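Chemist: Model the full assembly from the supplied sequences, consistent with the hints where possible.
2 protein chains.
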Amino acid sequence: MNLENIEKLARLIRYYILVSSTTAGSGHPTSSLSAADLLTVLMFGNHYNFDFKNPDNPANDRLIFSKGHATPLYYSLYLAAGQISSQEILTVRKFDSPLEGHPTPRFKFTEAATGSLGQGLSVGVGMALAIKNRFKNYDLRFKNEKEPSVFVLLGDGEMAEGSVWEAANLASYYKLNNLTAIVDVNRLGQSQETSLGWDVKSYNDRFAAFGWKTITINGHKFEEIEEAYKTIYDLRFKNYESKVDGKPIAIIAKTIKGKGVSFLENKDGWHGKPLGKEDLEKALKELGEVDLEIRGEINKPINKLSNYPISNNKSIIQKLNYKLGEEVATRKAYGNALKRLGGGYPNIVSLDGDVKNSTYSEIFKESFPDRFFEMFIAEQNMVGVGVGMARLGFIPFVSSFACFLTRGFDQIRMASIGEANVKFCGSHAGVSIGEDGPSQMGLEDISMFRSIHGSAVLYPSDAVSTEKLIEEMINHKGISYIRTTRPGMRVIYDNAQEFKIGGSKVHRLKNPRPKADQPMAEKSKLVIIAAGITLFEAFKAQEELSKEGIEAIVVDCYSIKPIDEKTLKELAKETSNFITVEDHWSEGGLGDAVLNVFADDSRVKIHKLAVYKKPRSGKASELMAYEEIDAEAIVKKAKELNV
Amino acid sequence: MNLENIEKLARLIRYYILVSSTTAGSGHPTSSLSAADLLTVLMFGNHYNFDFKNPDNPANDRLIFSKGHATPLYYSLYLAAGQISSQEILTVRKFDSPLEGHPTPRFKFTEAATGSLGQGLSVGVGMALAIKNRFKNYDLRFKNEKEPSVFVLLGDGEMAEGSVWEAANLASYYKLNNLTAIVDVNRLGQSQETSLGWDVKSYNDRFAAFGWKTITINGHKFEEIEEAYKTIYDLRFKNYESKVDGKPIAIIAKTIKGKGVSFLENKDGWHGKPLGKEDLEKALKELGEVDLEIRGEINKPINKLSNYPISNNKSIIQKLNYKLGEEVATRKAYGNALKRLGGGYPNIVSLDGDVKNSTYSEIFKESFPDRFFEMFIAEQNMVGVGVGMARLGFIPFVSSFACFLTRGFDQIRMASIGEANVKFCGSHAGVSIGEDGPSQMGLEDISMFRSIHGSAVLYPSDAVSTEKLIEEMINHKGISYIRTTRPGMRVIYDNAQEFKIGGSKVHRLKNPRPKADQPMAEKSKLVIIAAGITLFEAFKAQEELSKEGIEAIVVDCYSIKPIDEKTLKELAKETSNFITVEDHWSEGGLGDAVLNVFADDSRVKIHKLAVYKKPRSGKASELMAYEEIDAEAIVKKAKELNV
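In order, the protein sequence lines correspond to chains A and B. Per numbering that gives the first Met the number 0, the first sequence starts with residue 0, numbered consecutively. Per numbering that gives the first Met the number 0, the second sequence starts with residue 0, numbered consecutively.
The hints are simulated quantities; they were obtained by calculation from the structure and are not laboratory data. None of the values given here were measured: they were computed from a predicted structure. Each hint should be verified, as a subset may be incorrect.
[To be verified] Label pairs and their computed distance ranges (CB to CB):
(1) 298(B) - 268(A): 47 to 55 Å
(2) 200(B) - 229(A): 45 to 53 Å
(3) 87(B) - 496(A): 43 to 51 Å
(4) 568(B) - 510(A): 39 to 47 Å
(5) 368(A) - 486(B): 52 to 60 Å
(6) 613(A) - 196(B): 35 to 43 Å
(7) 489(A) - 499(B): 17 to 25 Å
(8) 568(A) - 568(B): 23 to 31 Å
(9) 486(B) - 281(A): 24 to 32 Å
[What the hints assert, rightly or not] Taking lysine to aspartate or glutamate pairs in the EDC-like style, the calculated list, with each CA pair at most 20 Å apart, reads:
(10) 636(B) - 621(A)
(11) 572(B) - 621(A)
(12) 604(B) - 621(A)
(13) 107(B) - 418(B)
(14) 636(A) - 418(B)
(15) 284(B) - 564(A)
(16) 93(B) - 621(A)
Glycine included, each C-beta is placed from N, C-alpha and C at the ideal position.
Modeler: Quick look at the structure:
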């Protein structure tokens, strides 16, 4: 490390932290100042290798600002690396600038969108896992190549987030010694001192208890910082018999919020406040002479890795072989699909939260044990790990009970901001899970995933459509969600049928009105829109109603988002009577998706059957009757409409 | 402890664990068997006092099964206590039985609905905090009374959930020495061994690092179990100079899943499986002779506490004193309201996640410091603490940024199942927060809270309506949510106006068509439904449109759930042109709530303006224009309708 160089760069970085946030009129300079020295040494002391011409270079080290509000520092570092110009940095937070208030993919070097705290370490775990998985065939000791490292900057306030400890537990379980957490312990949260203040010993003890190697330093002494990174390097690459082989490493740095400006240092009330014009002048005076031209070098990684991501080979994928009428739970079809597609799509990985025997992700695990990652009962972290693995070219399928995915809603929200390519599967949808009761019933999952920007939300009814849609999900970019059901349901589609995101299937009876001699009710046609388990109730109702001279057209609305507007609007030409029926709360699900199709189209009357009453333990059939989403309820509603 | 008695009771409890789950045909006997001895000694060794005739007795000890799937044990314990009959326990999981698959309030002794793992310790923290707060004026040492204790049974699998560590951190921060965690370390999760297996040392080290006192025992040796509870008692009540005064306590018990039945003990593949008829016979044979008549005694607590909950005194509440036209952010009005109402409603408490200077809960803190509880950056736990405090008669107002409440979605879901009386406030709603960017924007919060069963969802536009609605929330039973905005907005309502959950306000211009000589467009009337910040955009649009001969009726739809159906349907008699406009995603918000009003009413055409495009950093006005939810967009849409 060239100390003089580092000092100059640190000063330049502090300059732009202050100037850029004052120019923007908002931002978090004091949170940035406390971590400035830690990151300056990391990036410009040759501990971090990155190929700026190729951010996707698999050999790149990775840096995540879990402490996402420290964007003044984040962008200043890239300026110091010559990647952002001195004009550009003054555009932060402006509408047209890619340099947003918290990191987003509009800035090309952002690994993951952050800003909701406590999430970055999970993403780091995902990247570290991905790296270990990709590199496992490389014997690095003999090729003089360095396995990429993942560095995550965390604030101390966010150490209170449980998701950090989920990540910490998993990191040590998977021996992710290529993961380094840098904890900026500046004592002050947003509105007051953190729960531990400067008690670095407690952070040390906690990380150690969670199986990490820890190094405690003064976060503003360059030599100590340098020594820490050097120690980590040596532990990983110089001494394979090291006692700490296989442990992730936490640098716990005691720092000062606002470091570098005396009237900011360790002062309450400055969180998220930029300096006004006068204060900025004072502060810059204190900084002293800043070499505005100096830039630091970041070397390209020295190893060349090819075959990343691995190419697909769809020709080896087996065709479906289900028999019409056989009973297969769609959750089972999920597992079957991952297994069947796993060879042809070699970048698929499966992450599950200790329910693999319920979601059937275990079927994939049996065939591809290296590509299945048990995440244990920690759904928040599981989502973040998916984001990290997706960033490095994997296609993660993240599974749990539908209701437990609500645990990761904030992480899924952030994944969407980050445009992460993560697929979700929620099993045990609806009251139809039966006796386990409401805590295990997914009743808000369609609503949750519909509210994720850019998502696809799928709810197939049988094994064939499930498997077909999973392949569609693989080829869909962005977040998609598939909802699976616990009980077995009969296969109703031929193996050759196609299913598209945004599609639906219309089911008309061959002979809709068998008793031709019966008087026909006026307006005796209706559309029943269902998905998943209620599709079969709709079929039963369709049969029943046809005996009474009422023609029900049943729609398998397996793509809830995007919904098949075209088909539904065509059907509205035949009848204005629509019934939607779903095993989900009334709010936010299939019914609401259909309402939106006809929002400004007043031809159609839509009657929603859904779960309105608080459910309970009981048999699936009892519960569906109680919630009035079974065939009997559909028939009753259809007759009420005076169809 | 009468050892012989305890052994007999444990055998009785094991008997019913097995018989009840086999009878139900589903359930978790092996998970129940591992914790049976721990809980038998707790409840029948006189370590747990409860007044079964008065579950709300403030002097009761509290017991939470964070490990909610261990209901076979849960109900068997209450049978052993004489509170459930031997016939009743055979009804578990049946539709008409209050004994559900996971604990719900239909069973009268349930403190909190559990079943989604990792949440019970937070509820325990809330109860322990509530007890400390209520008891702080009692000098217990001299009245020979025992401060109530809170016991939380946890499984080891759920120790991977970050929420447990959020709770652990807060418990030691608040010195909750009346809180005991009993960790049933049986090694086996649902689908495989947990990440730590039987490594009780690691659990010990982790709890110790988080500031807890720990006791490690063999979970099946009655004497060790007894000794642990006795130690806890002595630490709390016999030695006030104890070195561990002020620390919560964790009993880490090494146990065997399926303990008591040889072919179940420590075996994979038995999670969540009841025994079949033959296996049950074998198992009961192993249990040996069971005294089916024996019952255990649980003593009533020895202290009498009155004044709980504390009575309201509405007469001292000050009237509102805002000036029409003054600019007040509704988030500020939130703080003002809590302060103004805090005296008259003495059971209100405020919980905040280190954003009290942003949500303005700090205003309440300044006036009522004893009733404000900093929760730090740990939203999951914050929700659970609210649930615990509500159970003991407090009225918690839980606040953070709207987007960060998504972190607690699963906890809010479980709170709803438990019918918890918790109020939520989400600030910084919408794109109108501006430059901080999407990670800080609440865009799915209305959707999330609408999908919570039984919730009320409120979005007032000005300070007066905000304060009025907060008082409505206090008197509303169950979960309610209020959405507040970052920028200041002018006061538009008189201090005397009333606002009800389920209400709305209709705003008509005095002279809707000022230029009477202008030709009137056919169908020149429309309704604009807005809330919060878009209400002011709607007013601007209303003015603008009136100049062009278009009469817009603006509705302040401050109650999104329940929505004012009556008023909206009345307005549909005047015109079929409706525009909804909201600073929220299109899915699940105000627009969808309005769509539902007219689902089966085809008179009305509804045009939704909402956030459709991915937002970014920028000025609030730029973003609202970009997302087409400002006055200009409303006017443009109104004209398109050929109104």
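Chemist: Verify the proposed pairing of residue 572(B) with residue 621(A), using a straight-line Cα cut of 20 Å.
Modeler: Judged against 20 Å, a Cα distance of about 41 Å means the pair is violated.
Chemist: Is it true that residue 568(A) and residue 568(B) lie within 23 to 31 Å of each other by Cβ?
Modeler: Given about 25 Å between the Cβ atoms, the range holds.
Chemist: With 45 to 53 Å as the target window, see if residue 200(B) and residue 229(A) comply at their CB atoms.
Modeler: Since residue 200(B) and residue 229(A) have Cβ atoms about 31 Å apart, the given range 45 to 53 Å is violated.
Chemist: Should the hint that residue 613(A) and residue 196(B) are 35 to 43 Å apart at their CB atoms be regarded as holding?
Modeler: holds (38 Å)
Chemist: Is the gap between the beta carbons of residue 486(B) and residue 281(A) within 24 to 32 Å?
Modeler: At 30 Å between Cβs, range holds.
Chemist: Between residue 284(B) and residue 564(A), is the straight-line Cα distance small enough, at 20 Å or below?
Modeler: violated (62 Å)
Chemist: Take a quick look at whether residue 604(B) and residue 621(A) sit within 20 Å of each other, Cα to Cα.
Modeler: Since the Cα atoms of residue 604(B) and residue 621(A) sit roughly 38 Å apart, the hinted pair is violated (cutoff 20 Å).
Chemist: Quick check: does the Cβ-Cβ distance between residue 568(B) and residue 510(A) fall within 39 to 47 Å?
Modeler: The hint (39 to 47 Å, Cβ to Cβ) holds, given that residue 568(B) and residue 510(A) are roughly 40 Å apart.
Chemist: In this structure, is the beta-carbon distance linking residue 87(B) and residue 496(A) contained in 43 to 51 Å?
Modeler: With a Cβ separation near 50 Å, residue 87(B) and residue 496(A) satisfy 43 to 51 Å, so the hint holds.
Chemist: Honestly, do residue 489(A) and residue 499(B) meet the 17 to 25 Å range at C-beta?
Modeler: violated (49 Å)
Chemist: Under the criterion that the straight-line Cα-Cα distance not exceed 20 Å, is the pair residue 107(B), residue 418(B) satisfied?
Modeler: Holds: residue 107(B) and residue 418(B) sit about 12 Å apart, inside 20 Å.
Chemist: Compare the distance between the alpha carbons of residue 636(A) and residue 418(B) with 20 Å, and conclude whether the hinted pair is satisfied.
Modeler: violated (30 Å)
The structure is inconsistent with the numbered hints 2, 7, 10, 11, 12, 14 and 15, although it conforms to all the rest.
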